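Visitor: With the hints as your guide, set chain B onto chain A.
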Amino acid sequence: MLMRTPRRDDNRSRTRLVLLVLAAVAVISLDAGLGTSSPAQPVRDAASSVLGPVESVAHKALTPVRAIGDLFTTRADLRRDNDALLEENARLRNQANTAGVDTARLEELEGIADLSTANGFETVQAQVVAIGGAQSFSRAVTIDVGTAQGVRRDMTVLNADGLVGRVVGVSRSNATVLLLVDARSTVGARLSGDSELGFVRGDGDLSGAGRLTLSTVDAAAVPIEGDSVVSWGSRGQVPYVAGVPIGRVESVASSPRDQSRTVTLAPYADFSALDVVGVVVARTKGR
Amino acid sequence: MSAIRPALVAVCVIVCVVLQLSVFTQLAVAAVVPDIAMVFVIAAALARGPSYAAGLGFCAGLVLDLAPPADHTLGRWALTFVIVGYLAGLVRQDTNRSVVASAACVAASVFIGTSVFALSGIVLGESGVSIARALQVIPLAVLYDVAVALVLLPVARAVLVGRDSAPAQSRVGVGVR
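Sequences listed follow chains A and B, in order. For what it's worth, our numbering labels the leading residue of the first sequence as -4, then goes sequentially. For what it's worth, our numbering labels the leading residue of the second sequence as 770, then goes sequentially.
Bound-form chain B, shown alone:
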């Protein structure tokens, strides 16, 4: 089982990236598509904690940086997902698996994530990114991602920690704190 899980998670990362770029673009609202890959990293943070999520975030971010049609500087999504995974992981004990708390955590994380990505573009001087544009995109992205997360979080949790071990994990998590 311990060997299968990382492979399964890797496949999930690829599936999330492909869904985000090829399938959910059909459901874009004002060109904003749900950040499936980012929500998956947040799900990992809520299920497995900051350390695991930061590592997974780095890998998932690199995949998203490399997947066509991306042509921005390599590593921007990787940096973003490391930060998002770590921060979301820090608040995991407090969310305690309630739906409202998880949704709030996703909203805050997506806000930070999209902002970090936009800022990294501004710092690197990539044209097309501006504060005004970011402010148009971010609120819509937050709303859309929270909606998607309500469905995606339970599925991702099942993949990340296993269906049966999930309650036990969360009890230990609370006990440590």
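With the rest of the complex left out, here is chain A:
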């Protein structure tokens, strides 16, 4: 150690830094430059089939950590939660409080089942096992079902409340879901009031439930606050099946100068608290 002079040591690590930076830039330009034919895709799939199951196991094994998460909520949240809980408590006191988490999950599952039967979807139940943090600047989650359960790219993902997103990557045992609130997400939508068509885009909000913006195909159409918006659906049911509730029109702001209108939707699904979701793998009846 002392035989080597600090200068030579510095030079060697500087060379190494330059090489590593170049290697990283090479990887980035390979992946970014080649787009869909990127050689990174098979590597990504392989990594996903190795790391996905590990994430599933870690999520299951460390579920008790979730309880600690409740400590980090704001006072306003707590007050609101408290009111809701007092109400809920009175209702639940009469019932046998069998298994809290399991009951909640069952309700969630039943909700998805109800929504699916109503629309004639065949769904596969899944659990969210990994979430990309705000530092990744995207809204995507990993779920614990994959090609082994019949999940394919571009399939619709929903939960008991409504539309959640679509599958953008899939390995044998896991799939990556791009959420509606992500800035890259666009869904064809239909206003329930007057069947007006439009497109719903995510605002890319990194925390919380997020908001969606609706732009109608017919610029003259005026959505009304409180109107419900459902998915429009595409040919072959990919990437989105028709008739899944997306959200409610929260506000309509118009700018007289350029005659444009900004329609903000509050999504039905709570993207900050996703747990059990369903992937639509088939339709049981034609519509």
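No wet-lab data here; the hints were simulated from the structure. For clarity, every value in this text was computed on a predicted model and none was experimentally measured. Cβ atoms here follow ideal geometry from the backbone N, Cα and C, with glycine treated the same way. Treat each hint with caution, since some may be false.
One-sided and incomplete, this derived list gives chain A residues near chain B with beta-carbon spacing under 10 Å [unchecked claim]: (1) Asp4; (2) Ser24; (3) Ile126; (4) Phe132; (5) Ser133; (6) Thr171.
Guide: Below, chain B alone, put in the same frame as chain A:
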């Protein structure tokens, strides 16, 4: 021992990435989760110096780039961690194992790291990244990572250099300077 240590470090990298994506998401503050993998690279820089940390950073970054649900351009975290590992390694002799100095080093490194990752997204034109959003995320990430580092740094040091050899290593490090 020399063969076991790299394997142990590799396992640690995987564990850090999985903890970050699957476990600590339950403890997210405004969707910001602690950058466990980045803190591990910084720990490597403080324990083993810039050259080692840059190499480890490249590998750890690639793992984080590949681990689902990541779907951004491959290599962005790798580039970020190489830079973070190298820079944190440069100041290691000055920190001299004091807790305050280490925490300051982590804060500065995380600030640089999160910024480099965000900037790489802006340069590549990936939607969802903007300066305004980055400014919301970065301060929270710095605070959260420093808190996590206080626990993680001693553990990571034990894995990276061994419990008994740690004081000797740091003495040699200071002597060279």
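Visitor: Check each numbered hint from earlier against the structure, then list the numbers of those it violates in ascending order.
Guide: none
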